[in-house]
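Here is how the chains run, residue by residue.
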Amino acid sequence: MDPFVAWLKTTSLSQAIVLTRWVWPLCETLHFIGLSLVVGVVGFFDLRLMGFMKRIPVVAVRDLMPFALAGFTLNLITGIIFLIGLPEQYVHNRAWWMKVLFLVVAGGNAAIFERWVGARAAMVGANEDTSAGAKLIGAASLFAWFGVLYWGRMLPFIGNAF
Amino acid sequence: MADFTAWLEGTGIATWTRESGSIWAYPTILTLHTIGLGIVVGASAVLDLTLLGYAPRLPLPSLRPLFRVIWWSFALNALTGVVLFMADATVKSHQIVFYVKLTLIALALWNTALVRRAVFGGPNVEPASASTVTSGGRRLAAVSLVLWAAAITAGRLMAYL
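If you read the sequences in order, they're chains A and B.
According to this note's numbering, the first sequence is numbered sequentially starting from 1.
According to this note's numbering, the second sequence is numbered sequentially starting from 1001.
Bound conformation, chain A alone (with noise of 0.2 Å):
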């Protein structure tokens, strides 16, 4: 790992980001955009899912979705910029990792859903019960969204790399 942190940091594009002024702080910014996002539409199709506010039909909520996807994808590219950036910071860093986790276990938990349960919950109308899988995937994802959350500000704080 050490051998292309040292390579990485080399590079012209790891040190445009660092040096340029307004990289970071406008990084800083889009990435709680983006979070911002995920968190209120995300948070808001797996509490449906758990069985909260039956009024909506699924699909109703599966509209916003493109937001979600928006947010998420400007999270990757800055994610990915802070780590071209200053990638010793992060690759160093327990937090990070546990985050990195945390990301996939969201994206594993929204595999599954898409891939087994996504096409009958979406015929989920107004008043009518989610599935316990449904339920269940709902409440996985919520936590482990939060979780990515989590470790992802406590990055500064956790594993002594900043």
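Derived by calculation from the structure, the hints in this document are not laboratory data.
Glycine residues also receive a C-beta, built at the ideal position from the N, C-alpha and C atoms.
Be a bit skeptical, because a hint or two may be false.
Partner residues aside, some chain B positions facing chain A, computed with beta carbon under 10 Å [said to hold, decoys possible]: (1) Pro1065; (2) Leu1114; (3) Gly1155.
Short derived list, chain B residues pointing at chain A, Cβ under 8 Å [stated by the list, open to error]: (4) Pro1027; (5) Leu1037; (6) Arg1156; (7) Tyr1160.
Chain B: place on chain A using the hints.
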């Protein structure tokens, strides 16, 4: 003013937050502030995007609970925000961008109250469906998205300016 902020910074809670080194002090309070931000802005975004017509099958009356979610998460952030301010009061009280942030949040919350009145009416009034939201209601929703994004920007810039 300088005396007051110095006193705030010297209080027990401010000193503990800043200097204890406990994971439950500054790190956890900051994390709660970030979670609250995600919920306030996220729930507002769901409301605004629906009013703008991006979720046409979503019955508006069922969005009413979102206002309570927004207010409770805001209460969490007001509380954690006060503690975070106290811990660093002499510095933050001199940051122009801090006052910009407070102003933007006040405007965004006021705007949320306006959305509630314009679209959701009184407590016993059934709001119209998303397709019949007036252009005034849609304008408020668009303004809300802009204000929250601006508030986040000002908040983030506090760490840099």
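Hints and how they fare:
1. Pro1065: This hint holds: Pro1065 (chain B) lies near chain A, its Cβ roughly 7 Å from the closest one there, short of 10 Å.
2. Leu1114: violated (20 Å)
3. Gly1155: holds (8 Å)
4. Pro1027: holds (4 Å)
5. Leu1037: With a closest approach of 7 Å, the Leu1037 (chain B) hint holds.
6. Arg1156: Holds. Min distance 4 Å.
7. Tyr1160: holds (5 Å)
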